[in-house]
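**Student:** Generate coordinates for the entire structure from the input sequences, incorporating the hints supplied.
Number of protein chains: 2
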Amino acid sequence: YEDTQKWSYENILDIIAVGFDPDRTFIFQDTEFIANIYPMAVKVARKINFSLARAVFGFTEQNNIGIIFFPALQIIPTFFEKKRCLIPSAIDQDPYWRIQRDIAESFGYYKTAAIHSKFLPALTGPTQKMSASKPETAIYLTDDEKTVKRKIFKYAFSGGRPTIELHRKLGGNPDIDVSFIWLKYFFEPDDKRLKEIEEEYRSGKLLSGELKQILIDKINVFLREQRRRREKALDLVDKFKYDGALAREMWSKKII
Amino acid sequence: YEDTQKWSYENILDIIAVGFDPDRTFIFQDTEFIANIYPMAVKVARKINFSLARAVFGFTEQNNIGIIFFPALQIIPTFFEKKRCLIPSAIDQDPYWRIQRDIAESFGYYKTAAIHSKFLPALTGPTQKMSASKPETAIYLTDDEKTVKRKIFKYAFSGGRPTIELHRKLGGNPDIDVSFIWLKYFFEPDDKRLKEIEEEYRSGKLLSGELKQILIDKINVFLREQRRRREKALDLVDKFKYDGALAREMWSKKII
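Taken in order, these protein sequences are the chains called A and B.
For the first sequence, this note's numbering begins at 788 and goes up steadily by one.
For the second sequence, this note's numbering begins at 788 and goes up steadily by one.
These aren't lab readings, by the way, just hints derived from the structure by calculation.
Where chains are identical, the list cannot tell them apart; a pair therefore holds if satisfied intra-copy or between any two copies.
Taking lysine-lysine and the BS3-like style, the derived pairs with C-alpha atoms no more than 30 Å apart in a straight line are:
(1) Lys1040 - Lys830
(2) Lys979 - Lys905
(3) Lys834 - Lys921
(4) Lys830 - Lys869
(5) Lys1026 - Lys1040
**Tutor:** Encoded structure:
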């Protein structure tokens, strides 16, 4: 419990650092906001029996009764307003919304819509998934500059050739090169510049190490800015959680 | 949900009418007090898996995920203080306390103690159980005088004989007569008077109808007083729930 409190605080700082409007954003933790949402969670829970929850989430007899109850809570934000809710999430969260769509209308609410984001490739290769428990698969928002450099050089899956000579002769493959893919999705907003990098890499003019260095520089610029924004976020946490215009409205509202 | 809110309000009035000290009593509803107890409930829930909950409470796959989570909440009041808790309840609540005793010490709290009350016989017979859903088995605190009279005359299981002649000759049996048992446990505090009634009934001098009338009068005196106290209780609800000395202390306290 204490660990999740720490992690959620770190997550909140990262979310704020992205740049949301504190008067139009409400960040809450179940453990605090529970009095406002619990009555509705009780109603929702009545519509989900163990048999259904097991079929949808793969629960077993060994799962604890807290995690079994959790789907009832996870669904509640779709009932914050009598409007159709739009949820950005990855596909692994979809089971919750499927149950939501089964029961929403019986409470007079709308079935939720969802936007599914694609998983971006892990540092270790385009077919792998980033993981919070495997530091070599991802760059964390809290990694320092030296760590970034070390991780990219050591783990970033490369589309380059085994030797410089071969690379100059045959060229690299940007389609499977994680450094290039990350530049494309995250860090190089200029399409012309991206095209240049791609062609130089494919032609063999740009080496793998050079490509990695381009990514490292971009990531470190981004993380420097992120650290600056996280510093500022410290003062904004209470506004997003309690004092902002939307936050105040939400705390005075019982979802039922 | 709306029904349970109504019933719990009625229960609260009855509890207050009994005469507890509003500064030393805290009455709460889970739906309201949940923010104070939810963090601890999450910790407790982690120690109870479905397999255990099913073994102890007899859950099936058809039970909803709210009722499956409920044992985690039911246990929390035993953690309100770092003292040994004493719970007065009927035997059917014991499974909760058995789980509590398994886990309490791992959180640094004490195993709870319990006092088990006996079920009193239903109106319909000494081997039956009163039930909120079977009006003929019990007198409700909200029954009016006419209802009390009708229920006792119609349903109260009697130890009397089929005819007055036989009753005068053989006498009644107070040991199985619910009117007499209720007088004994609830309504006749004077042991000498009780003894008199018992002997007169056993000898046949006192008829079943007369015994019932004694009980009816006693119940109606009690209910008249209970109605008066319930009226006064209306003004005390907020004190027991929010404003009394203990209530204020509890609301400012997070159980963890």
